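Go ahead and model the full structure; you've got the sequences and the hints to work with.
There are 2 protein chains.
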Amino acid sequence: MLKLYYARNTCALASHIALEQAGADYEAVRVDFATNAQRSPEYLKINPKGRVPSLVTDRGILTETPAMLAFVAQSYPEAGLAPLDDAFAFAFAQVQAFNSYLCSTVHVAHAHRMRGTRWVDDEAAIAAMKKKVPQSVGACYDLIERKMLKQPWVMGGDYTICDPYLFTLAQWMEADGVDPARLPKLSDHRRRMSERAAVRKAIARELA
Amino acid sequence: MLKLYYARNTCALASHIALEQAGADYEAVRVDFATNAQRSPEYLKINPKGRVPSLVTDRGILTETPAMLAFVAQSYPEAGLAPLDDAFAFAFAQVQAFNSYLCSTVHVAHAHRMRGTRWVDDEAAIAAMKKKVPQSVGACYDLIERKMLKQPWVMGGDYTICDPYLFTLAQWMEADGVDPARLPKLSDHRRRMSERAAVRKAIARELA
Chain R
220 MLKLYYARNT CALASHIALE QAGADYEAVR VDFATNAQRS PEYLKINPKG
270 RVPSLVTDRG ILTETPAMLA FVAQSYPEAG LAPLDDAFAF AFAQVQAFNS
320 YLCSTVHVAH AHRMRGTRWV DDEAAIAAMK KKVPQSVGAC YDLIERKMLK
370 QPWVMGGDYT ICDPYLFTLA QWMEADGVDP ARLPKLSDHR RRMSERAAVR
420 KAIARELA
Chain S
220 MLKLYYARNT CALASHIALE QAGADYEAVR VDFATNAQRS PEYLKINPKG
270 RVPSLVTDRG ILTETPAMLA FVAQSYPEAG LAPLDDAFAF AFAQVQAFNS
320 YLCSTVHVAH AHRMRGTRWV DDEAAIAAMK KKVPQSVGAC YDLIERKMLK
370 QPWVMGGDYT ICDPYLFTLA QWMEADGVDP ARLPKLSDHR RRMSERAAVR
420 KAIARELA
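Line order of the protein sequences matches chains R and S.
The first sequence lines up with residues 220 to 427 when you count with the working numbering.
The second sequence lines up with residues 220 to 427 when you count with the working numbering.
Quick caveat, the hints were computed from the structure, so don't treat them as lab data.
Mixed in with the good hints, there may be bad ones.
No distinction is drawn between identical chains; accordingly, a pair holds when it is met within one copy or between any pair of copies.
What the hints assert, rightly or not - As a list, the in silico DSSO-like pairs of lysine-lysine whose alpha-carbon atoms are at most 27 Å apart:
| hint | residue 1 | residue 2 |
| --- | --- | --- |
| 1 | Lys-420 | Lys-350 |
| 2 | Lys-420 | Lys-366 |
| 3 | Lys-349 | Lys-268 |
| 4 | Lys-264 | Lys-366 |
| 5 | Lys-349 | Lys-222 |
| 6 | Lys-420 | Lys-349 |
Being a predicted model, the structure only gives us computed values, none of them experimental.
Rendered as structure tokens:
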């Protein structure tokens with residue numbers, strides 16, 4: 220059985236939704252950031268980076284959301300969570316490119332609001348970082364709205380592992396100071412995602 | 220034929236090396252950052268993010284290094300650049316996890332030295348960011364050295380798409396203020412990479 224280590228209000232929700240959607244046999248284990256459990260010796264044995272998510276499998280431990288999402292899609296091909304049958308590998312690479320943009324640019328821009336100490340020690344610099352988040356995160360979502368997000372799903376007609384990942388990060392938009400009113404396609408995507416049973420179930424479990 | 224858009228001294232070198240190693244039929248096209256060519260209307264049509272690398276294929280355009288590397292590995296399976304024959308998808312996910320860490324954590328920590336204006340406007344904050352780069356980048360390489368890098372290659376006995384990517388980012392280590400003397404496994408990896416014909420050829424082309 221798979222074991223997903225997650226914390227509330229983190230990008231782990233994306234993998235949680237994907238596992239739920241895939242019908243995987245898994246257990247969700249909460250890591251309590253309030254007590255800094257992600258830095259405990261026990262958890263560092265699972266993930267030496269001290270972050271969530273982590274996925275314990277029969278073959279070893281996986282980390283990093285894009286890799287975990289691809290693993291779920293490839294392990295449960297009947298769930299149809301990624302284009303795996305393309306002999307040219309291009310469609311799968313497009314999925315990976317979108318998720319790579321989310322992890323390396325969108326999530327990173329967002330992290331400058333709450334996790335500034337990763338990159339500066341100075342209090343004034345941390346405040347300066349927070350100040351720019353509405354602009355830097357907003358620019359990412361403008362680009363996604365204009366150039367990346369097909370409809371109804373990220374890749375067009377087929378729901379893929381891009382959808383729970385985008386949905387998870389976009390949940391933080393208002394707190395990042397980005398007005399969703401200017402992003403009608405993205406708002407529509409969020410609404411449609413929030414109606415899915417797998418999404419509701421994963422969110423309910425994390426908030427319970 | 221594939222067309223790789225790159226700029227000197229960027230992470231595009233990783234894809235350049237992988238294409239060369241795969242024996243791909245490709246053309247390498249330089250984007251001149253000195254004239255801000257990555258923001259030109261022509262280039263923004265290729266990559267609306269205004270960044271390198273981009274890979275133009277017969278089926279469309281790909282961006283984001285981890286996705287491009289996976290695409291090269293899957294398109295040229297005879298080059299053996301990734302474990303593609305694992306029915307459990309675990310080995311490929313491990314490759315993706317490593318490359319995801321490079322793009323979302325290592326490269327991002329490094330980018331706070333030269334690209335601070337992505338996340339702050341304030342001059343003092345930019346200086347504060349630069350100051351922490353030796354520590355934040357150094358912590359990444361310490362973790363890679365202690366917990367991730369098998370030998371002789373990142374994944375152990377088999378050279379994969381993790382190797383050119385790690386090599387490319389590690390080339391910036393000294394400028395980031397990280398002393399390679401404390402990283403013997405990583406230093407050995409860099410030396411072994413720099414002796415490979417594909418690496419030499421890609422670097423020579425980029426510096427020509």
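Checked hints:
no.	hint	verdict
1	Lys-420 x Lys-350	neither (34 Å within a copy, 44 Å between copies)
2	Lys-420 x Lys-366	neither (31 Å within a copy, 35 Å between copies)
3	Lys-349 x Lys-268	both (24 Å within a copy, 22 Å between copies)
4	Lys-264 x Lys-366	between (41 Å within a copy, 10 Å between copies)
5	Lys-349 x Lys-222	neither (34 Å within a copy, 39 Å between copies)
6	Lys-420 x Lys-349	neither (32 Å within a copy, 43 Å between copies)
The structure is inconsistent with the numbered hints 1, 2, 5, 6, although it conforms to all the rest.
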